Amino acid sequence: MMKHKVLVVGGGLAGLRAAVECAMLGVDTAVLSLLYPVRSHSGAAQGGVNAALANMPECKDDTPAKHAYDTVKGADFLADQDCSEILTTDAPTRIYELEHWGVPFSRTPDGKIAQRPFGGAGYPRTCYAADKTGLYILHTLNEQAVKHRVKVYNEWAALSLASDGAQNHGLVALNLQTGAIDAFAADAIIIATGGAGRIYKRTSNAMQSTGYTLGMAYRAGIPFKDMEFVQFHPTTIIGTNILMTEGARGEGGYIINKDNERFMQRYAAKAMELAPRDIVSRSIQTEINEGRGLPDGGGCVYLDLRHLGREKILERLPGIRDICISFLGLDPIEKPIPIQPGQHFIMGGIDTDKDGATILPGVFAAGECACVSVHGANRLGGNSLLECVVMGQRSGAAAAKFVQGKSSALKESVVADALKKTSSDVDALLKSSGKERLVTLRDAMQDAMTDKIGIFRDEKPMAEALALLRELRKRYRNIGVDAKNRKYNLDLLHTIELGGMLDAAEATAAGALARKESRGAHSRLDFKTRDDANWMKHTLAHFTPDGARLDYESVTVTKWQPEERKY
Amino acid sequence: MSQTVTLRIYRRDPDLDAAPKYQNYQIELTPGLTVLMALYHVLENVDKTLAFRASCRSAVCGSCGMHINGKNMLACETQLAPLGNEVLIEPLPHLPVLKDLAVDMTRFWDKYEKVRPYLIALKAPPPSGKERLQSVEDRKKIDEFIDCILCACCHTSCSTAWWDKEYLGPAALAKMYRFVADSRDEGGAERLQIAAREDGVFRCHTIFNCTEECPKKIPITFGIQEIKKRVLWGKLAGRM
Chain A
1 MMKHKVLVVG
11 GGLAGLRAAV
21 ECAMLGVDTA
31 VLSLLYPVRS
41 HSGAAQGGVN
51 AALANMPECK
61 DDTPAKHAYD
71 TVKGADFLAD
81 QDCSEILTTD
91 APTRIYELEH
101 WGVPFSRTPD
111 GKIAQRPFGG
121 AGYPRTCYAA
131 DKTGLYILHT
141 LNEQAVKHRV
151 KVYNEWAALS
161 LASDGAQNHG
171 LVALNLQTGA
181 IDAFAADAII
191 IATGGAGRIY
201 KRTSNAMQST
211 GYTLGMAYRA
221 GIPFKDMEFV
231 QFHPTTIIGT
241 NILMTEGARG
251 EGGYIINKDN
261 ERFMQRYAAK
271 AMELAPRDIV
281 SRSIQTEINE
291 GRGLPDGGGC
301 VYLDLRHLGR
311 EKILERLPGI
321 RDICISFLGL
331 DPIEKPIPIQ
341 PGQHFIMGGI
351 DTDKDGATIL
361 PGVFAAGECA
371 CVSVHGANRL
381 GGNSLLECVV
391 MGQRSGAAAA
401 KFVQGKSSAL
411 KESVVADALK
421 KTSSDVDALL
431 KSSGKERLVT
441 LRDAMQDAMT
451 DKIGIFRDEK
461 PMAEALALLR
471 ELRKRYRNIG
481 VDAKNRKYNL
491 DLLHTIELGG
501 MLDAAEATAA
511 GALARKESRG
521 AHSRLDFKTR
531 DDANWMKHTL
541 AHFTPDGARL
551 DYESVTVTKW
561 QPEERKY
Chain B
568 MSQTVTLRIY
578 RRDPDLDAAP
588 KYQNYQIELT
598 PGLTVLMALY
608 HVLENVDKTL
618 AFRASCRSAV
628 CGSCGMHING
638 KNMLACETQL
648 APLGNEVLIE
658 PLPHLPVLKD
668 LAVDMTRFWD
678 KYEKVRPYLI
688 ALKAPPPSGK
698 ERLQSVEDRK
708 KIDEFIDCIL
718 CACCHTSCST
728 AWWDKEYLGP
738 AALAKMYRFV
748 ADSRDEGGAE
758 RLQIAAREDG
768 VFRCHTIFNC
778 TEECPKKIPI
788 TFGIQEIKKR
798 VLWGKLAGRM
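Chains as they are written, first to last, in this note's numbering: chain A, 1 to 567; chain B, 568 to 807.
Take these hints with a grain of salt, some might be off.
[Unchecked claim] Below, simulated DSS-like cross-link-like pairs (lysine-lysine); rule was C-alpha separation at most 25 Å, straight line: (1) A:Lys147 / B:Lys588; (2) B:Lys784 / A:Lys484; (3) A:Lys112 / B:Lys707; (4) B:Lys690 / A:Lys147; (5) A:Lys435 / A:Lys401; (6) A:Lys312 / B:Lys690; (7) A:Lys147 / B:Lys697; (8) A:Lys335 / A:Lys420; (9) B:Lys784 / A:Lys151; (10) A:Lys112 / B:Lys796; (11) A:Lys312 / B:Lys708; (12) A:Lys335 / B:Lys784; (13) A:Lys487 / B:Lys681; (14) A:Lys60 / B:Lys697; (15) A:Lys151 / B:Lys708; (16) B:Lys697 / B:Lys732; (17) A:Lys112 / B:Lys681; (18) A:Lys66 / B:Lys697; (19) B:Lys708 / A:Lys147; (20) A:Lys147 / B:Lys681; (21) B:Lys588 / A:Lys112; (22) A:Lys312 / B:Lys707.
[What the hints assert, rightly or not] Facing chain B, from chain A, some residues (calculated, C-beta under 8 Å): (23) Arg39; (24) Asn175; (25) Gly239; (26) Leu525.
Read the hints as simulated data drawn from the structure, not as lab findings. Source: prediction; values computed, not measured. We put the beta carbon where it would ideally sit given N, CA and C, even for glycine.
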């Protein structure tokens, strides 16, 4: 059994930032990562990170308060406004700190951090480093973790929390490289495992963004919040659904239909392509549904960058150009890019407070897997990297404080019991004669989520999806694996992951079916408007063996009463 | 008419197999099929014991560096069709094999940690707490080297690193150069001492394998020579 004061699960932006915080505070901290930390999906973030630095001539009078307002309005008033204010108030400090640590931000002519326009923002507020901002921040935070000698357990999969019901004492994990299952005693766990894009078929997310650890928290009694709010990014390339950054539109890119029309003028005349993502994605999907997508394009329209010119594309958008060349065989300097909306982000996640604490003492969560809520019903581009560094720091500080002030002793016996139980569960899975298999169940889940819990939603298909997902959860109990070896067993890993993915998918469908309104990314054909009287509230989903049990919680309003969103 | 390709894949679990064996898998070629997606097809439909690393599938995470038809490349960004009717897929060379296409990266990360891979700033940041200023021109000097994704394609293509396990190797030295060339970094002298050691830059024989096999087209050999130059002038001037 390994022992640490704080164990961070996940080595992406939020996890590394949390670990660095704890290490700087002198707390014994380790990171348990399914991948090597620099492989985390934070590194695929392209466009930038928001902070009201007022570095550009056009944004001299930008302030954190204006950033908070844009965030709350973008969130369709479902964000907790006190939390959105914390996010935007902490933002400049966290960004300057990243610069001090070496993040190679692009620069203004006078040497400051450069900022670009992004969707739903009143000013150019998105600090960027070409179109590889996530990659550079991830590597810089990894460098800081090395500097502060944070111990990293590479290629370990967290399997279960060790809770006695009143408090958590550690977790059980699978060492992928050896196949061994071992336990970690820890006074505090910070879950920072990113998104769950792979519950969908069409997603911009990495193969390993399964979100299965959401299920780990859920089964330990920690509720999910607002899972029905799923962001579809307007511009993912056809076929692979790899992301084309919002920065492409921030730099002036157009979206056009088969008639060469910049159709956003019919949906958001003022903001055009830089309306928030929920609106742009719905507009694109409407064009496709009404027959104005590309002929034989498999449901897509064009992102057109040609008018930006070679020099600007090479300087500001070199990464997405390389992606287009490798994966589409086209150069966006010369040709428009066929794109379609794809799942990109979950606004919901593990329910936490403004310091990342969950209702289970000893468990914190930060980053995409958590729901504070700062993004409400729709996240603004550039706010997710920000959430990672702000909430990573806050949860790290809160976890450090928690372990330093803790009076009760860690119960290693609880951890040992959890190890025994989880080991026998995995043994049983390896020996199972169950007839169900990973690919069949996973594909059925991904199809149902993409087809029925997508951009536009309606009662009947959602009810069908929910029934199917509940059926899949039952069938999962009869699953078996074909690869019986222990070491680097991907069949075993992916099958274990599917269990947690089904939990997340079922809670998403249940929340979506129950919410009888349209708000942000949750857009219903049968309830087309926002209903603040009945639905300005957070959904909480609690685990039961038969499916999510839902209840609701009020939204914190500080300064801004709900208003109609116009862009 | 559908066309099939044979994937000839290196298989070995060193705990069980004294020597590797090569296993053939027939796969139907579909438009846009990458080597990585072909491997997923094998894993999920043909042989569930296959081991390989992958995550982002968009050439940014650095997981899926492999030796494909004799060259190191990222499986995810490599189209299968142009590779011929039989495609040989092996792990990155000269690192111990963990299982099949997944290698033991310990030695690689150890070298990364040896070059002090973080910004060393001796002067405090501006009293305002704001960013350090950096000119557009100075920022441009690190443009290529910050793109490194630590995939190890360069390190495992370096014929010096093959026989000299102590050599820091191209990836660690590229990381070092990323800081040496950064106008904000003040760790120069300390870093050059590391570079000047027996296992440092002078082990590079400018064979250019690293530069040729870098999926991000980073001029690694150039960076190593730039460090050499600084070490050399430091020594000649009696500073080192």
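Going through the hints against the structure:
no. : hint                : in the structure
1   : A:Lys147 / B:Lys588 : violated, 41 Å
2   : B:Lys784 / A:Lys484 : violated, 40 Å
3   : A:Lys112 / B:Lys707 : holds, 14 Å
4   : B:Lys690 / A:Lys147 : holds, 17 Å
5   : A:Lys435 / A:Lys401 : violated, 48 Å
6   : A:Lys312 / B:Lys690 : violated, 34 Å
7   : A:Lys147 / B:Lys697 : holds, 22 Å
8   : A:Lys335 / A:Lys420 : violated, 58 Å
9   : B:Lys784 / A:Lys151 : violated, 32 Å
10  : A:Lys112 / B:Lys796 : violated, 31 Å
11  : A:Lys312 / B:Lys708 : holds, 18 Å
12  : A:Lys335 / B:Lys784 : holds, 23 Å
13  : A:Lys487 / B:Lys681 : violated, 29 Å
14  : A:Lys60 / B:Lys697  : holds, 15 Å
15  : A:Lys151 / B:Lys708 : violated, 32 Å
16  : B:Lys697 / B:Lys732 : violated, 43 Å
17  : A:Lys112 / B:Lys681 : violated, 31 Å
18  : A:Lys66 / B:Lys697  : holds, 20 Å
19  : B:Lys708 / A:Lys147 : holds, 24 Å
20  : A:Lys147 / B:Lys681 : holds, 11 Å
21  : B:Lys588 / A:Lys112 : violated, 56 Å
22  : A:Lys312 / B:Lys707 : holds, 14 Å
23  : Arg39               : holds, 4 Å
24  : Asn175              : violated, 12 Å
25  : Gly239              : holds, 5 Å
26  : Leu525              : violated, 33 Å
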